[in-house]
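One line per chain: the protein sequences are A and B, in this order.
Per the numbering used here, the very first residue in the first sequence carries number 1; after that it's consecutive.
Per the numbering used here, the very first residue in the second sequence carries number 1; after that it's consecutive.
Everything labelled a hint here was simulated from the structure, so no lab data went into it.
Computed from a predicted model, the values in this text were never measured in an experiment.
Fair warning: there could be bad hints in the mix.
To be verified - Computed beta-carbon distance windows for the label pairs:
1) Tyr361(B) / Val42(A): 56 to 66 Å
2) Ala152(B) / Ser277(A): 50 to 60 Å
3) Gly105(A) / Ala152(B): 57 to 67 Å
Claimed, not checked - Covered stretches of chain A, going by a simulated chain B footprint (3 or more residues, C-beta under 8 Å):
4) 35 to 46
5) 319 to 329
Glycine included, every Cβ here is placed at the ideal spot set by N, Cα and C.
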Amino acid sequence: MAAATPLKAKDFVSDQDVRWCPGCGDYSILKNVQRVMPDLGVPKENIVFISGIGCSSRFPLYMDTFGFHTIHGRAPAFATGIKAARPELSVWVVTGDGDGLSIGGNHLMHVLRRNIDVQILLFNNRVYGLTKGQYSPTSKIGMNSKSTPQGSIDHPVDPVSFALGAGATFVARSIDVDAPHLQKMLKRAADHKGTAIIEILQNCPVYNDDIWVEVQDRKSRGEAALVLEDGEPLVWGAHGQRRGIAINDGVPSIIALGDEDDPVSKGVAIHDESHESASYAFALATLERPDFPLPIGVFRSVEKPTYEAMLQDQVDSAVEQRGDGDLESLLHSGDTWTVES
Amino acid sequence: MSQTKKPVEEIDRVAIRFAGDSGDGMQLTGTKFTEATALAGNDLSTFPDFPAEIRAPAGSLAGVSGFQVHFASEDIRTPADAPDILMAMNPAALRANLGDLRPGGMAIVNTDAFSTKNVSQAGYTEDPLPALRDNYRLVEIPLTSLNREALASLKLGARETDRSKNFFALGLMYWLYNRPMESTERWLEGKFKGAVLEANLRVLKAGHAYGETTELFPVSFVVPKAKIEPGTYRNITGNTALAWGIIAAGQLLGQPIFLGAYPITPASDVLHELARYRHFGIKTFQAEDEIAAACSAIGASFAGHLGICTTSGPGFILKQEAIGLAVMTELPVVIVNIQRAGPSTGMPTKTEQADLLAAYYGRNSDSPVPILAPATPGDCFYTMIEAFEIAVKYMTPVVVLSDGYLANSSEPWMIPEVATLPRTNVDYRTDPDGFQPYQRDADTLARPWAVPGTPGLEHRLTGIESEDVTGNVSYLSDNHQKMVNLRAEKIARIAADLPPVEINGAERGEVLVVGWGGTCGAITAAVNEARADGQDVSSIHLRHLNPFQSDLADALSRFNQVLVAELNHGQLWRLLRAEFLVPAESLAKVEGLPFKIAEIRSRIDQMLAGS
């Protein structure tokens with residue numbers, strides 16, 4: 001259905017008061033998602049936002065689309081049912097580091113490996129917010145939280161590595177307050193056929209303030225972030241501090257570059273989103289502060305058939321081969337006998 | 001059927017139990033015998049009883065698999081309390097089953113399997129056969145050698161040769177009961193090729209010929225056709241009927257089915273069966289776990305499909321939080337729990353009815369759902385249609401409680417005329433004018449089903465308490481009270497659609513036996529027998545567990561004594577006492593086995609004696 005007037009961001013704002021804490025990174029993400037929606041070319045009634053439980057999971061309530069705020073960790077499973085049943089819908093999952101990687105880790109793994117064409121926005125603030133400040137599966141070792149007064153002793157999981165390990169066909173990372181970059185990633189995710197997951201670095205001003213400040217702050221971003229661009233060398237840093245990333249045998253290292261140096265001839269890797277091996281993207285995912293810049297952008301983007309398309313194909317080919325199912329002949333199939341009156 | 005030259009004796013009914021190692025093919029033998037018996041026009045009832053282990057150590061008691069088939073020229077309702085014939089393929093099968101054999105019954109044993117080693121592995125300290133002759137009619141047949149002899153000219157390996165001995169036994173039983181073999185031959189021809197087909201066909205005939213020539217069987221038997229209602233019949237198990245009921249519901253409601261399921265005994269067969277019928281537009285999804293199975297089905301329902309999940313006890317418990325969400329968001333989804341013996345893993349292949357209270361009360365907070373329970377294998381078909389009708393009419397999750405006995409046992413089933421099955425229009429909301437997600441129908445209290453893709457109906461559902469009418473998040477105390485009341489009232493109103501209670505026997509009297517689910521056959525048979533003996537007893541079988549039929553209280557009040565018979569520790573018994581203040585007694589059996597008719601009759605006798 002063609003909309004009579006083009007939709008605007010405000011058409012995606014629901015009538016509910018937004019109830020995140022002041023200064024929460026979720027506000028910015030919400031605004032950017034609402035801004036991108038009109039550009040997707042999808043009728044509003046075909047858009048569905050699904051979430052689990054947690055601060056991020058309130059997200060669908062604030063979107064004027066179809067929405068389903070479900071139970072803790074299970075959003076990918078609901079989204080799977082919706083998308084498998086109705087492949088024409090544009091289905092978005094909003095989750096967090098606790099919802100998606102702790103209680104819902106299993107479902108996240110399986111939606112990724114099945115390559116169901118949904119977009120997953122994983123807000124990573126490395127803390128449980130809604131339950132008031134316990135460490136999460138992405139919290140760093142040693143984090144002092146209400147449940148870890150002597151410091152966390154859990155080794156954290158990295159969302160990008162997790163997604164790559166599960167066989168995800170589109171994996172990206174962006175930042176809550178970097179509007180142009182985030183919008184670009186959202187559009188890329190929407191365009192991708194298959195599961196697209198974006199780790200969005202998000203600030204929790206109440207329980208884990210400023211953990212991402214280096215990459216959020218424009219002044220330090222150039223030094224702290226490596227912006228990934230397909231086909232471009234992995235180079236970052238201001239004039240006089242230019243450096244590049246070389247990857248040898250899957251191990252990344254830093255190469256110092258003069259302002260005039262050709263990075264490639266110095267051994268700097270060229271970013272390849274569709275590299276034949278996911279190990280390249282894994283190597284990128286190991287880059288962490290403070291030793292390395294934090295990569296931002298699309299780590300991996302490859303094509304694979306989607307689950308729902310293959311399922312629909314099976315239905316269609318079954319109909320083609322056997323005709324539309326007929327209940328009468330099903331009930332009479334095999335051995336039957338008739339008792340005469 | 002080849003003509004026998006020996007005398008043929010006519011009998012009304014017989015129950016045969018095939019028993020052997022779980023690798024001996026006893027389930028297949030029993031199933032094929034059942035199919036031939038159904039085609040011969042007898043009424044029948046079967047009871048497969050097998051271990052959870054796929055191949056327990058050969059010859060061990062743990063590995064014994066049995067299949068009992070009861071067939072008659074009259075109306076029968078159970079697989080029979082005690083088999084008249086036991087065919088035991090080895091000492092372990094004999095030891096595990098002999099206690100059930102009717103005194104004076106016939107034990108047919110494969111003497112080749114009674115080596116000293118096998119005898120001792122079964123736990124016997126000496127050869128059990130000599131002692132058997134005092135109490136039973138012992139028929140000793142060297143089945144393995146006879147089978148090998150029949151296949152000597154086919155160059156098959158020893159393992160492949162011995163594997164077909166169950167069909168030798170089957171051929172012999174076909175001779176003994178004058179069953180037609182054609183359906184089994186047809187099945188073999190469709191299933192096997194080459195030497196294996198030839199071997200099976202040959203031993204089937206050899207077993208049959210052995211019956212005719214051996215002096216061990218001076219007569220054969222015939223069970224005349226049963227006088228049953230005219231119509232076209234087929235043999236059906238509960239799980240097949242259940243799967244077909246799901247397919248039928250999709251056709252009758254005119255909407256596609258989405259099944260989310262995770263493999264679990266004894267429910268997996270429904271997933272297998274439905275996966276074969278994609279041309280009905282059915283989408284089956286084998287989820288990563290029980291929780292995802294439920295969530296995907298609810299997601300499909302949110303998207304406007306008929307969502308369903310099939311599971312068993314442990315899986316049902318894992319689904320409870322998701323079911324609670326469907327209660328809260330008032331989405332139509334059907335959850336089938338094919339109950340098995342528990343708690344925990346329990347005994348996966350054994351039957352039980354102990355999840356009734358879990359279905360009632362197993363979720364957090366007040367979370368009412370309609371609960372249905374099929375009464376017979378064939379009734380599983382109709383129960384599924386009814387479950388979907390209730391789900392979409394009242395916008396609610398519906399729980400169906402089948403059980404392991406219904407799942408695997410079979411009976412002749414009159415195939416319904418498709419045109420006579422109830423058709424229901426699914427009423428999606430399409431009009432955006434005045435749309436509110438929780439605006440309720442005045443009669444049913446159902447909220448509208450507004451599915452994605454419908455312009456102007458964009459709305460959000462949440463497991464957080466929602467405001468009446470608008471569906472907006474609300475933490476107001478008055479609203480919560482109102483919504484809890486509404487959710488309860490909506491389910492209670494379903495009672496208006498239910499038929500009156502049917503009483504088997506007199507409308508009032510001394511003893512009333514109340515049962516539910518898969519025990520229907522045993523309870524009805526026990527009560528009918530007792531009534532034939534002049535006892536003042538009636539029975540009611542509940543297919544609707546929540547809500548109860550409106551006239552149930554009245555029916556219960558017309559009897560001096562009420563007995564609730566069920567395969568659990570007294571769950572319906574507790575509910576009926578709580579709901580209706582009746583001083584009901586409980587007959588609770590939890591052995592992983594169905595009721596025997598005698599167990600129910602004995603309790604009826606006690607109650608009548610005390611009155």
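Exercise for the section: Look at the Cβ atoms of Tyr361(B) and Val42(A) and judge whether their distance stays inside 56 to 66 Å. Expected result: With a Cβ separation near 43 Å, Tyr361(B) and Val42(A) fall outside 56 to 66 Å, so the hint is violated.
Problem - Beta-carbon spacing of Gly105(A) to Ala152(B) - inside the hinted bounds 57 to 67 Å or not - result: holds, 60 Å
Practice task
Hint says 50 to 60 Å; check whether the CB-CB distance for Ala152(B) and Ser277(A) agrees.
Solution key: Holds: the Cβ-Cβ distance is about 59 Å, inside 50 to 60 Å.
Exercise for the section: Examine the region 35 to 46 of chain A: at least three residues should have C-beta closer than 8 Å to a C-beta of chain B. Expected result: holds (count 4)
Exercise for the section: Test coverage of the region 319 to 329 of chain A by chain B using CB-CB distances below 8 Å; three residues minimum. Expected result: With 8 residues close enough to chain B, the hint holds.
Violated hints amount to a single one, hint 1; each of the other numbered hints is respected by the structure.
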